[in-house]
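Undergrad: Fit chain U to the known structure of chain V by using the hints.
Chain order of the listed sequences is V and U.
In terms of this note's numbering, the first sequence is residues 872 to 985.
In terms of this note's numbering, the second sequence is residues 581 to 694.
Certain hints may be false.
[To be verified] Straight-line C-alpha distance at most 30 Å; calculated BS3-like pairs for lysine-lysine: (1) U:Lys658 to U:Lys594; (2) V:Lys927 to V:Lys941; (3) U:Lys637 to V:Lys897; (4) V:Lys897 to V:Lys977; (5) V:Lys940 to V:Lys927; (6) V:Lys940 to V:Lys977; (7) U:Lys658 to U:Lys637; (8) U:Lys637 to U:Lys591; (9) U:Lys591 to V:Lys897; (10) V:Lys927 to V:Lys977; (11) V:Lys977 to U:Lys637; (12) U:Lys594 to U:Lys637; (13) U:Lys658 to V:Lys977; (14) V:Lys897 to V:Lys927; (15) V:Lys977 to V:Lys941; (16) U:Lys658 to V:Lys940; (17) V:Lys941 to V:Lys897; (18) U:Lys637 to V:Lys941.
No wet-lab data here; the hints were simulated from the structure.
Model, not experiment: these values are computed from the prediction.
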Amino acid sequence: SQQGEEDPQALSIQEGENATMNCSYKTSINNLQWYRQNSGRGLVHLILIRSNEREKHSGRLRVTLDTSKKSSSLLITASRAADTASYFCATDALTGGGADGLTFGKGTHLIIQP
Amino acid sequence: GAGVSQSPRYKVAKRGQDVALRCDPISGHVSLFWYQQALGQGPEFLTYFQNEAQLDKSGLPSDRFFAERPEGSVSTLKIQRTQQEDSAVYLCASGLAGAYNEQFFGPGTRLTVL
Numbered sequence: 872s873q874q875g876e877e878d879p880q881a882l883s884i885q886e887g888e889n890a891t892m893n894c895s896y897k898t899s900i901n902n903l904q905w906y907r908q909n910s911g912r913g914l915v916h917l918i919l920i921r922s923n924e925r926e927k928h929s930g931r932l933r934v935t936l937d938t939s940k941k942s943s944s945l946l947i948t949a950s951r952a953a954d955t956a957s958y959f960c961a962t963d964a965l966t967g968g969g970a971d972g973l974t975f976g977k978g979t980h981l982i983i984q985p
Numbered sequence: 581g582a583g584v585s586q587s588p589r590y591k592v593a594k595r596g597q598d599v600a601l602r603c604d605p606i607s608g609h610v611s612l613f614w615y616q617q618a619l620g621q622g623p624e625f626l627t628y629f630q631n632e633a634q635l636d637k638s639g640l641p642s643d644r645f646f647a648e649r650p651e652g653s654v655s656t657l658k659i660q661r662t663q664q665e666d667s668a669v670y671l672c673a674s675g676l677a678g679a680y681n682e683q684f685f686g687p688g689t690r691l692t693v694l
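Pulled out of the complex, with its shape left as it was, chain V reads as follows:
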């Protein structure tokens, strides 16, 4: 079963605009990670935010985490055509002891129109 739910399922914007994706999850977590997947390829790690952090930046990426609402958001600023991909949030369970795999959402498919 998949814990997370990304919202929206699909998003199409113009190049240069900002893209915001949201993720909700169900159980208490250690960390939340965001991954990108280009069509037919493996996943690429974007950013990890720990449960005691509220916001993190990496280049054009900004991630927020609200553990009280069990939600996170990923903001991509000044989008480029190369950002077209599916984006997944993934969590590791607090009780897993590190021996569990990540639990992924269904993803947001982002299309950047040139």
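TA: Using the frame of chain V, we list chain U on its own:
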């Protein structure tokens, strides 16, 4: 340096055949994960190794699925008597330790069962 590699990249099997999927993790990575990704879905956890020890196999969907990592490096995921519902992309990921940290994904093996 070399990333995670998987072979074959594509596999077509007739229903009832056995298949073996190989994963070569990044050298020195202790953790190795297998995930199954159905079309349009996020990856779902199958099993986790720490070195040669299989610490969690709770995600394996049936006893037809078997994974091993005998020397703590290369891993093989074996599916016996394949069924059509086994058709998916099988992703391997490696990392430094547990699910707490960034995972590095291979390109996946796309299995189609006819």
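Undergrad: For which of the previously enumerated hints does the structure constitute a violation, in increasing order of number?
TA: The structure conflicts with hints 9, 16, although it agrees with all the remaining ones.
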